[in-house]
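Listed in order, the protein sequences are those of chains A and B.
According to the working numbering, the residues represented by the first sequence are 723 to 798, in order.
According to the working numbering, the residues represented by the second sequence are 26 to 719, in order.
Please note that the accuracy of each hint is not assured.
When the alpha-carbon atoms are kept at most 25 angstroms apart in a straight line, the in silico DSS-like pairs for lysine-lysine are as follows [said to hold, decoys possible]:
id, chain 1, residue 1, chain 2, residue 2
1, A, Lys734, B, Lys604
2, B, Lys273, A, Lys736
3, A, Lys739, B, Lys273
Residues of chain B placed beyond 10 angstroms of chain A at every Cβ, according to the derived structure [claimed, not checked]:
id, residue
4, Tyr77
5, Asn176
6, Arg262
7, Ser396
In short, the hints are calculated from the structure, not lab data.
Please read all numbers here as calculations on a predicted model, not as lab measurements.
Cβ coordinates follow ideal geometry from the N, Cα and C atoms, glycine included.
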Amino acid sequence: MRNLSQLPLFVKAKIGKINDRDLEQKLLEMGCTPDEEITVIRKAPFKGPIAIMVSSYMLSIRYRDACVIDIVEYGK
Amino acid sequence: MENKNIKIVLAGNPNSGKTTLFNSLTGLKQKVGNYPGITVEKKSANINIDGYKSQIIDLPGIYSLYSKSIDEKVAQDVICNSFDNDYADVVVVIADASNLRRSIFLLTQIIDLKIPVVLALNMIDVASKKGVIINIDQLSSDLGIKVVAINARKSRGLSKLTHAIISEKIDESKKSKSILNVKDVFGKIIDQVNDIRGVKNDYASFLSLCGYDMSNSIKQKIEISVLSKKNDVIIERIQAKETVRRYKNIDKIISNSVKNIEPKGKYKITQIIDDILIHPVLGYVVFLSILFLMFQAVFQWSSYPMDLIDLFFTNASIWVSNTLPPGVFNDLIVNGILAGIGGIVIFVPQIAFLFAFIAFLEDTGYMARVSFLTDRLLKVVGLNGRSIIPLLSGAACAVPAIMSARTISSWKERIITIMVTPLMSCSARLPVYTLIISMIIPEEMYFGVFNLQGLVLMSFYLLGFVAAILIAFILKFIIKTNEKSFFIMEMPSYKIPDWKTVIYTIIEKVKIFLFDAGKIIIAISVVLWLLSSYGPSENFKEIENKYQGIEGSSGLIASEKLEFSYAGIIGKTIEPVIKPLGFDWKIGISLITSFAAREVFVGTMSTIYSVGDDDIISIRDRLKNEKNKETGEAFFTPAVGISLMLFYAFAMQCMSTIAIVYRETNSIKWPLIQFLYLTILAYLSSFFAFQLLS
Numbered sequence: 723m724r725n726l727s728q729l730p731l732f733v734k735a736k737i738g739k740i741n742d743r744d745l746e747q748k749l750l751e752m753g754c755t756p757d758e759e760i761t762v763i764r765k766a767p768f769k770g771p772i773a774i775m776v777s778s779y780m781l782s783i784r785y786r787d788a789c790v791i792d793i794v795e796y797g798k
Numbered sequence: 026m027e028n029k030n031i032k033i034v035l036a037g038n039p040n041s042g043k044t045t046l047f048n049s050l051t052g053l054k055q056k057v058g059n060y061p062g063i064t065v066e067k068k069s070a071n072i073n074i075d076g077y078k079s080q081i082i083d084l085p086g087i088y089s090l091y092s093k094s095i096d097e098k099v100a101q102d103v104i105c106n107s108f109d110n111d112y113a114d115v116v117v118v119i120a121d122a123s124n125l126r127r128s129i130f131l132l133t134q135i136i137d138l139k140i141p142v143v144l145a146l147n148m149i150d151v152a153s154k155k156g157v158i159i160n161i162d163q164l165s166s167d168l169g170i171k172v173v174a175i176n177a178r179k180s181r182g183l184s185k186l187t188h189a190i191i192s193e194k195i196d197e198s199k200k201s202k203s204i205l206n207v208k209d210v211f212g213k214i215i216d217q218v219n220d221i222r223g224v225k226n227d228y229a230s231f232l233s234l235c236g237y238d239m240s241n242s243i244k245q246k247i248e249i250s251v252l253s254k255k256n257d258v259i260i261e262r263i264q265a266k267e268t269v270r271r272y273k274n275i276d277k278i279i280s281n282s283v284k285n286i287e288p289k290g291k292y293k294i295t296q297i298i299d300d301i302l303i304h305p306v307l308g309y310v311v312f313l314s315i316l317f318l319m320f321q322a323v324f325q326w327s328s329y330p331m332d333l334i335d336l337f338f339t340n341a342s343i344w345v346s347n348t349l350p351p352g353v354f355n356d357l358i359v360n361g362i363l364a365g366i367g368g369i370v371i372f373v374p375q376i377a378f379l380f381a382f383i384a385f386l387e388d389t390g391y392m393a394r395v396s397f398l399t400d401r402l403l404k405v406v407g408l409n410g411r412s413i414i415p416l417l418s419g420a421a422c423a424v425p426a427i428m429s430a431r432t433i434s435s436w437k438e439r440i441i442t443i444m445v446t447p448l449m450s451c452s453a454r455l456p457v458y459t460l461i462i463s464m465i466i467p468e469e470m471y472f473g474v475f476n477l478q479g480l481v482l483m484s485f486y487l488l489g490f491v492a493a494i495l496i497a498f499i500l501k502f503i504i505k506t507n508e509k510s511f512f513i514m515e516m517p518s519y520k521i522p523d524w525k526t527v528i529y530t531i532i533e534k535v536k537i538f539l540f541d542a543g544k545i546i547i548a549i550s551v552v553l554w555l556l557s558s559y560g561p562s563e564n565f566k567e568i569e570n571k572y573q574g575i576e577g578s579s580g581l582i583a584s585e586k587l588e589f590s591y592a593g594i595i596g597k598t599i600e601p602v603i604k605p606l607g608f609d610w611k612i613g614i615s616l617i618t619s620f621a622a623r624e625v626f627v628g629t630m631s632t633i634y635s636v637g638d639d640d641i642i643s644i645r646d647r648l649k650n651e652k653n654k655e656t657g658e659a660f661f662t663p664a665v666g667i668s669l670m671l672f673y674a675f676a677m678q679c680m681s682t683i684a685i686v687y688r689e690t691n692s693i694k695w696p697l698i699q700f701l702y703l704t705i706l707a708y709l710s711s712f713f714a715f716q717l718l719s
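Just chain B, with the same shape it has in the complex (with noise of 0.2 angstroms):
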């Protein structure tokens, strides 16, 4: 029987519109999810075409099949390798029509592993308005293989490229043609790679020889690697001498069937619109411009819709309250799992509307633009301008910063920006701050404009970016690495975004916000809870008698239970290490339910005073209220707050971000050091501005 499953793998250069392209094909069927054992997104999704059960994956941009990054590294070894689960049986390359040349030297590469590949000309329309002319039917038959000219932001061509995959599926004839013949240029060592591997594939036995994987046995890796020492191959020759072959075939095959390469004013808008964004000046002056704008929509636009989600989740939990009969399982399910779910439900606005920001700036062109404003001042302190992306969307959640920094290709670049990016001020520390600055800021204006608190708060955001930055100054020093960094990045003609990729972005980093981050929240929630809720039992059975029949008291009992749960007898044990600081057991209490997402601090206040529901205002007068039992004055002093707030500024309060540490840099030992640093610098900074304030 005909096997009627395809697996579509979909490669292409950074900005060549292989990601709309993806969009396009899927619409929302696509899932994100990981590589197995390594931490690399992968974007697949199942459609039918003409019957086939097809899995598409969309593969991180390449520009060949040199890997370097662990990025670029996976998607070598889903092309090259047939043991990979994901080894495709058609390769579909995107290319750019506007700029062909490069586009195709990945294609080349495939196709002279004898791979089933099609070429998908992307913009060829656009291209010929600007004068480049591309018979098709010539390069088709240059390059021995089916080329289909589509418009992914439009759809266009599509059904006519599914085709051609199709076909390229059913036509199981070998291909013979080779765009360049290793043979010809390296001579017999090819052969012996062949006799090694026990396959007559030149290709991939000269990639073997350069040191990669392909689909190598361990023995058949040492027997290369000797075979490789014993010719003296120094990789690094062979490869530049290899590409610059290959171009050089690759330039006949274009100047045979491309009339004017070179796109007519491709650039010239672009130009004068890098007149200003790229200036020595301006450019620095309009970048900090949207950064401010950019942070005021997003706090002022997204605090309808969390007023809305807080609506909702306080009638649900009335709702389930009520409903449910009373016990530890209404108890549970309420203060449990539905306070944990709407704690991260509430940052969903937030985070939609900065990656929504970042989305669009990314899709117009214009965050390499910032990154070439920013790679020289990111550089001394050890970073890199791609180290921006992270940084910013930081603002955000760490969580799918982190994950962004990916397109890092230096390593230890890489690991200062992870290193630091917890430091950049989350969503989850704004309901702290806010509630803080509340209480020990006095709503002044000045000038008539700036607002104090509003000041206050910046400046704690600004904190965090200087933060990170200093350390990530010393971590330069202390980290060790021989391997040489490289900012090399491509800056794209701008464009208008397209919506598409706009939005799947957003539901992309919702989602991982949601489900790692989120899976890990509820279960400390839950968690939280059991400790929060259980103590010695014969301290509850007291309180529970010491309040029989008082009517209204029902806070009180909670305020005091709370007190002798497990949670408030590790918040009375922590009371002495914390007291420095100006904490007391209760901010202990809030300490240690917070260190599972910082959030969780209002709510935690909130019930340990008994103020019964989790309204800042009423908290805030609370909190007032409360007085420093030695001193008889208020508890809260600008001392106290201060201190606070530098706690939450720096201290690794957020298991999600652990996690993902873990799991970015495949090892224990970064999110250790990370947690450590991150914790002495919260207790001293805490300590040392409680000290000299109060």
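With the rest of the complex left out, here is chain A (with noise of 0.2 angstroms):
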């Protein structure tokens, strides 16, 4: 299992389980629900934050932030 922030550029993933309830609620609201699929497209410098797809939109959130989003990858 690995979360969000480890996620290469451009690796499709499954949105797991998200371990912040405040953030948790957050996602969810925006529509990052539970087995959407994710995309992480762009890295800030220096643990800036980082912009996914999901939903079909883009959403940029805080590099420590994503590190609380678990994630399922795809095939491995």
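Reconstruct the complex from the two isolated chains, following the hints.
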């Protein structure tokens, strides 16, 4: 099991558990529900925010918050 | 008789085109005010739809009814609380057709509250070009509400939308359809809340259980919270569960009425642009270049209208003083009121141009990228990527800048942003800087391109920014909070900005500046006019007697009167305090008069030195000849000049900012702390600069 911050660029994965209640609620209502497909498409330097594609739109979140989002990778 | 009044509320996600729709529906009839008691901006307009007097209210953008920031709380109250003044007859939810899944989450919550609602499906034409095919009739029957396809930018489908709104208002039949039946999920506790509330509305009861106000009385709220404790309800958990279940139902509805929910190539162009604009290196280079060009343009372009405004007020003053009979009233109009209004209006071009740039960049989608690029740096000092807009706007005027900090949902980050925004060099500091720089800095060129005066001016702008960052860093450790901060921001795809939106933003910001700040500045101008026109009467008579019969002495009388006026007396009283900074009582008077607003400095200096007009060159030449009484050398040494500029860079000499900080934080504590720290910072930096340089 890896978290979102470890997902390489442009690799598709599914959203797993979000291990922070406030963050979970915010992301859920924006459509980041369990099993939604997610891709990291940008990373700002020095562990700055990362931009993700989810539910067919682009969202940016902090690196630290990406660390508490579990992901399920395809294939492997 | 039939009620011909209707209240319509526009709700929707950020970036859904909500404000564009509002602008298209209402045009110039819109008013910007505040919600009573709180400080969230409220945009509303009264228009006529099919003979109905309609009030349309534009709510802050929200993703759901689970409110967190004050913006969202307002939107939630207007939609859910039937005691709210703005509680709507009909809610219009606007949704971006190429982002349907997320956009209709909020809509389904409103449907489940049994509130009359219409869905305005925006940009359906654009979405269909990208392969998203929406069966509107199917969607409408699955949701159980009217759905209207519109294009807010091109004003398409608006009359269909307004007809739908009116027929929704006339159609009083109770809706029975629910998108998610919360009773199926949470069971009998919903009925228990229904009993407490005395209304059978399952979803309203669910939201009450989540701790939201809804329309509940205090007694009901207490009973609900007791019930919630007894059943060990964990609010976050039931909200999360509800959200997940709701999305499952939404996904069913969408698969039924939409083909290809994923728009083809929606972000294709955006990705190409982003390769440059948020490139880890190039991105920052581009951002700094845009900033540089922006400020260059703002100052260049605004100098022409500013000259015209200046000319207009000079002529108006001359005309009034010649037309009205001489006396106190004449003097009050010319030197109190006209001078006050002129001093405000002169900044309108700079503020308008700067906000034009910011609104333009925001509407293209670039500002979200700037937040993305800067969040890392700003997070270190306790700010947020979203702080960049208040900080940039602060270069025009702190008042609208501080208001724009509302989108920051973390309380701590918002307070820090508000506290440091006045450090950004606003347009009112520019005339002060220009005057002093032209006195103490020689007009030299370096390497043929860099003008020394320009470099000094730029370094003072930079100084403001650096100070803001440093103070934010200190405040980060002082202000305590348990709340966690987030930076979750949608990055909209790039688009060509909508000129209407840009123009309305400019009008709105200028209005805030003119009316919010303007009222205070005029009031203070009149008080200052009183203080500087009156003094202990025997002194004034003596001056008049002294110059009686001497021709061309009016300038001298004015300057001598000012010296013996109440303002002059105060200036002399504070001289011992400001002497270590290199200032004399004349500058002291200017410091006092510019407490209301910094730009008053130039005008006061011209009166004190009896220059007769406000022309910067003539004031400069007069000030250059001023001698230091003790040494006999020029008074305005570089040390005095730098010290004075530092004082203006840091001191909180702006009544309107104090007033707006009070309003925005709803407490006297924050403006007080801000005033104190800025004054101390100004005093100490001027003190050290003067002592070291002289």
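Hints and how they fare:
Using a Cα cut-off of 25 angstroms, the hinted pair lysine 734 of chain A and lysine 604 of chain B is violated, with the two alpha carbons roughly 68 angstroms apart. At most 25 angstroms may separate the alpha-carbon atoms for a hinted pair to count; lysine 273 of chain B and lysine 736 of chain A meet this at roughly 16 angstroms. With a CA separation close to 17 angstroms, the supplied pair lysine 739 of chain A and lysine 273 of chain B stays within the 25 angstroms bound. Non-interface status of tyrosine 77 of chain B relative to chain A is upheld: no Cβ of that chain comes within 10 angstroms, the nearest being about 33 angstroms off.
Interface exclusion of asparagine 176 of chain B from chain A stands, the closest Cβ pair being 19 angstroms apart, more than 10 angstroms. Annotated as non-interface, arginine 262 of chain B brings its C-beta within 10 angstroms of a C-beta of chain A; the closest such distance is 8 angstroms. Not every beta carbon of chain A lies more than 10 angstroms from that of serine 396 of chain B, the smallest distance being close to 8 angstroms; the non-interface claim is violated.
In the structure shown, a violation is registered for the earlier hints numbered 1, 6 and 7, in ascending order.
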